[in-house]
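*Asks:* As given, the protein sequences belong to chains S and G, one line each in that order.
Take the first sequence: its position 28, counted from the start at 1, is 28 in the numbering used here, and no numbers get skipped.
Take the second sequence: its position 12, counted from the start at 1, is 128 in the numbering used here, and no numbers get skipped.
Please note that the accuracy of each hint is not assured.
[To be verified] Restricting the straight-line Cα-Cα distance to at most 25 Å, the calculated cross-link-like pairs of lysine-lysine (DSS-like) are:
no.: 1; chain 1: G; residue 1: 165; chain 2: S; residue 2: 112
no.: 2; chain 1: G; residue 1: 131; chain 2: G; residue 2: 193
no.: 3; chain 1: G; residue 1: 224; chain 2: G; residue 2: 193
no.: 4; chain 1: S; residue 1: 11; chain 2: S; residue 2: 65
no.: 5; chain 1: S; residue 1: 57; chain 2: G; residue 2: 193
no.: 6; chain 1: G; residue 1: 161; chain 2: G; residue 2: 131
no.: 7; chain 1: G; residue 1: 224; chain 2: S; residue 2: 112
no.: 8; chain 1: S; residue 1: 65; chain 2: S; residue 2: 18
no.: 9; chain 1: G; residue 1: 184; chain 2: G; residue 2: 131
no.: 10; chain 1: S; residue 1: 11; chain 2: G; residue 2: 165
no.: 11; chain 1: G; residue 1: 171; chain 2: G; residue 2: 193
no.: 12; chain 1: S; residue 1: 112; chain 2: S; residue 2: 57
No wet-lab data here; the hints were simulated from the structure.
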Amino acid sequence: EAAVTQSPRNKVAVTGGKVTLSCNQTNNHNNMYWYRQDTGHGLRLIHYSYGAGSTEKGDIPDGYKASRPSQENFSLILELATPSQTSVYFCASGDDWGGADTGQLYFGEGSKLTVL
Amino acid sequence: GDSVTQTEGLVTLTKGLPVMLNCTYQTTYSPFLFWYVQHLNEAPKLLLKSSTDNKRTEHQGFYATLHKSSSSFHLQKSSVQLSDSALYFCALSDWSNYNVLYFGSGTKLTVEP
């Protein structure tokens, strides 16, 4: 079974503080993603990566940075957290297209972030 | 850019009735469509997918047909069960940026006894 683990699972931060959400995958997938989930907005793509050392902007990258230091790890960084970034964040991994798993993303359990 | 529209935010049905959750999309490239399901306090999981026009795809009693002529990929089931209560997301990718999925806003399905 594919495995994506996120930490922390719950985080309370103060406005202006720095927050780092971490994601680790044991699937050996090249592609990793950060989404945020808000009621009425579904899952919105923040950043993604095609492999170690690469990061790409998604639909809503403002206020977020990403880091992919290795195949297994992908972090989301909020340098100056704001209350509008209160949300549930999901990390996912996925294989390159062309095989039977095309388009199948494996999600972590989510990280609930509250910014006060 | 690519976009996905799910018109129903909330659908409530009685067990045993049929359901159709709407999904339409916009893209200028050849599309690949997906349905993901998220049960309460769980991660989203792939339910079914298709890139073939006018071909029905099925999984776990759910089915959908990609219609490129109407840019639609509606999810259906003939008889819903209590365990089908969940959040359903339609998602789109295309061959111009095929490793990226764009999700709709989701439809919460509640099945009552």
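*Asks:* So which of those numbered hints doesn't the model satisfy?
*Replies:* Failing hints, ascending: 1, 5, 9, 10.
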